[in-house]
Amino acid sequence: MKNLQKLLWLVAIIGFVGGAYGLYDRLAHGHLDVSYGSYIPWGLWVGAYIYFIGVSAGAFLISTLVYAFGVKRLEKIGKLSLFTAVVALGVAMLSIWFDLGHPERALELILRTNIHSVMGWMIWFYSVYWLMLLVELWFALRPDFVAWSARKDVAGSLAHFLTFGRRDVSAKVLASDGRVLRVLGALGIPLAIALHGSVGALFGVVGARPYWNTGLTPIMFLVGALLSGGALTTFVVLIFGPDAGSQEHAETVVFLGQIVLGLLALDVILEWAEYSIGLYAAIPADAESMRLALFGPYAWVFWGIHVGLGVVIPAVILVVRRHSPTWVGIAGLLIAATFIAVRLNIVIPGLAVPELQGLEAAFSGPGLTFSYFPTLTEWLLEVWVVSTGLLAFLIGYRLLPIVTRETAGAGVAGE
Amino acid sequence: MPVTTEKALEFFVRDATMGTPDDPIIRMQEDLKRALAKPIDQRRWAMVLDLRKCVGCSSCTVACIAENKLPPGVVYRPVLEEEIGTFPNVARHFVPRPCMQCDNPPCVPVCPVAATYKRPDGIIEIDYDVCIGCRYCITACPYSARTFDSGRFYTSGTPQLEAYEKLPNFEYGVSLDRSQGGSPIGNARKCTFCAHRLDAGMLPACTTTCIGRATYFGDANDPQALVSQLIASPNVTRLKEEMGTEPKVYYLV
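So the sequence lines, in the order shown, correspond to chains A and B.
When the letters of the first sequence are read in order and numbered with our numbering, they come out as residues 1 to 415.
When the letters of the second sequence are read in order and numbered with our numbering, they come out as residues 1001 to 1253.
Simulated from the structure, these hints should not be mistaken for lab results.
There are no misleading hints in this set.
Reference listing, derived: stretches of chain A covered by chain B, where coverage requires no fewer than 3 residues with Cβ under 8 angstroms from a Cβ of chain B:
| no. | region |
| --- | --- |
| 1 | 113-121 |
| 2 | 199-210 |
The following label-pair restraints were derived from C-beta to C-beta distances:
| no. | chain 1 | residue 1 | chain 2 | residue 2 | range |
| --- | --- | --- | --- | --- | --- |
| 3 | A | 32 | B | 1159 | 12 to 20 angstroms |
| 4 | B | 1199 | A | 396 | 52 to 60 angstroms |
| 5 | A | 131 | B | 1202 | 50 to 58 angstroms |
| 6 | B | 1118 | A | 156 | 55 to 63 angstroms |
| 7 | A | 190 | B | 1156 | 47 to 55 angstroms |
Treat the numbers as computed from the prediction; the structure is a model and nothing was measured.
Virtual Cβ for every residue (Gly too), placed ideally from N, Cα, C.
Using the sequences and the accompanying hints, generate a full structural model.
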C-alpha cells in the first residue's frame, strides 16, 4: 500500500504541474478556450461539480454509520471518510468557482440569495454542511490532536495548535465529545440529503429540459452520491485505512464492498426506470436526450465507461472476488472514477437537444452549437483542481491524525 | 391561376403605405407615444410577428446585433428556418425568435442572486453588475432566448481590435464598453425589446428595420394599439403555450 501511496503522490504532482496550463488559460483568457457556451451552457466543470458534491455527501453518509449509528465494524474509518468528504467538497467548490462567469462575485450568492431559486438554497445547504463537516472532523480528531501534541515534528506542532487549548481527554470529556459527534452526525444526515437532493432538484425543476424534469432526478442524485462516495471510500480505506494488511482492515474493506454492491444494484434499477420509461413513451424532447446519451456520438461514454467499466466489471468483481480486499478496492475505484460519466450524461444530453426546431441552423457562432466535447483547457483545469484536492488529501493524511498509525506503532513497541 | 403583372403590382400597391399615416410603422410610433404617456406599470409591451409576411431576410437579426453591439456567440433574435415536405415539394417557414418576455418567466425564479427580474411593464432584464455568470437561467429558458457572453471579439487575433467593437453599447440606458473586459462579458444576455430605445421613445430596432413590415410592436394594454388588434386575430398563436410561460410575443400564422 505504501507504494500505491507513492504512486498517488506522483500522480498528484504531475497533475498539479501539468494541469496548471488549464488554470493559466482560464485565468488569463476567461471563457474563450472552452467548449460550453450559449446553447450548451454547462459542461465538464459542472459535471465535475455535481460529481464531487455527490462523492462528498456519499463519503459523509458513510461516516454517519460510525458517528450517528455506532456501526462498530467501521469505527476506525470514520475520520477517514469524513476527511474524504471535506476534500471532495473542496474539489467540487473549486470546480464550480472556475466555471462562473464572474467568480469574483461568488459572495453575492450568500449576500443576496434569491429564496425562490433552488440554487440559492443549495448555496446555504453547502455553506452549513461545510461548517458542520469541519466541526465534526475537529471533534473526531481532537483526542488524536492531544495525543500528537507530544510529537516534536511539524505534525506535532500543528496538532498542538489545532487542539485550540482543549486538551482534556478524560473519559468524561470524551464521552461528551462522543455525544456531540452523535448529534452532529445525526443532524448531518438530513443536511447531506438536503444538500445533494437540492443539487438534483436544481436540475429537476427545470421544466424547459424534460430530460431533467422528473421527480426521480433528486433521488438518482442521492443514490448516485451514496454509490460514488461509498465506492471511493472503499478504495481510500484499502490504500489509506488503518492497520493495512491486518484481518480487521481486510474485513472493513470487504464489508464496505458489500454496501457498494447493494447501492450499485439500486442505482441500476433507478437508471433502468428512467431510461426505459422515457424511451418507451418516446416524447421527443425527453427521448431525444436519452437517445443522444445511448446512441449518439458519445455513446461510448455510456456503454463503455459507465456500463462496462462502472457497472458490469465492478459488479462481477464484487460478486466473484467479494472476499478479496484488493479486488474490492479496485472495484470501488472503478465505480468511483467512472461515475463522472453518469454525471456528464445528466448534464450534457439535457442541453444538447435544440429547444426549438431550426435553432441549430438559425445563427452560427462560437457557443451557438449543440455538440459538446471538453477542450484541452477544460480537461487540464479539471485535472489541476482534482490534483490539488489529491495533494490536499495526501498532505492532510501526513500532517493530521486522520489515521492514527501511532496505535499500531505503540502496540508493537509495547510488546 | 397564373400570376399576372397586374396581380403582382396590385399586391405591392396595396402594401405601398410606406411613409403614409397608414404605414404600420407610423401608426406604431403613435401607439408608442400614447403608451409612454401612461405610468410604466400600465404598459404591457407585446410583439406580433406575421409569419405570412416574413421572408427570412434576417434583417432584424442584423439590426439587433448592430443596435446592441452583440459580440460573436451572442444573439438575441435569430430567425429559425423550418422546411416542410419532401424535395421537391417543399415549403419553408421563417420564425423570428426574440425573447418572449414571458409573463411567467422560468428564467427569473432560478437566478440564485436575483439578478434577473421583470420590470413593471413586463420586460425581463438582467442586472449585469450582479449576475455571477452561472448560466442557470440559460438552461431554464424554454426558448433558448438567453446567450452567454464569453468575451469574444470579431477582430481579436487581428492586428487591432477594430473601433466598432469598442463603441459603447446602450443596453439598459447605460454606456457599456466591453473592450475593457468587464460586464457584460461573463454574463447571460438577452433581448429586452430594446428597452433603452423604448425609454427614449423609439420602436425596437428589429421592428423599424423589418423590410416586410412583419414585426409589430406596441402596448397590448391599449385597445387602440395596432398590436392589440392583431393579437385579437383568430390566427394568433404563441410558442410552447403548454409551458404556461404566457409569452408576450405572438405569431400570426
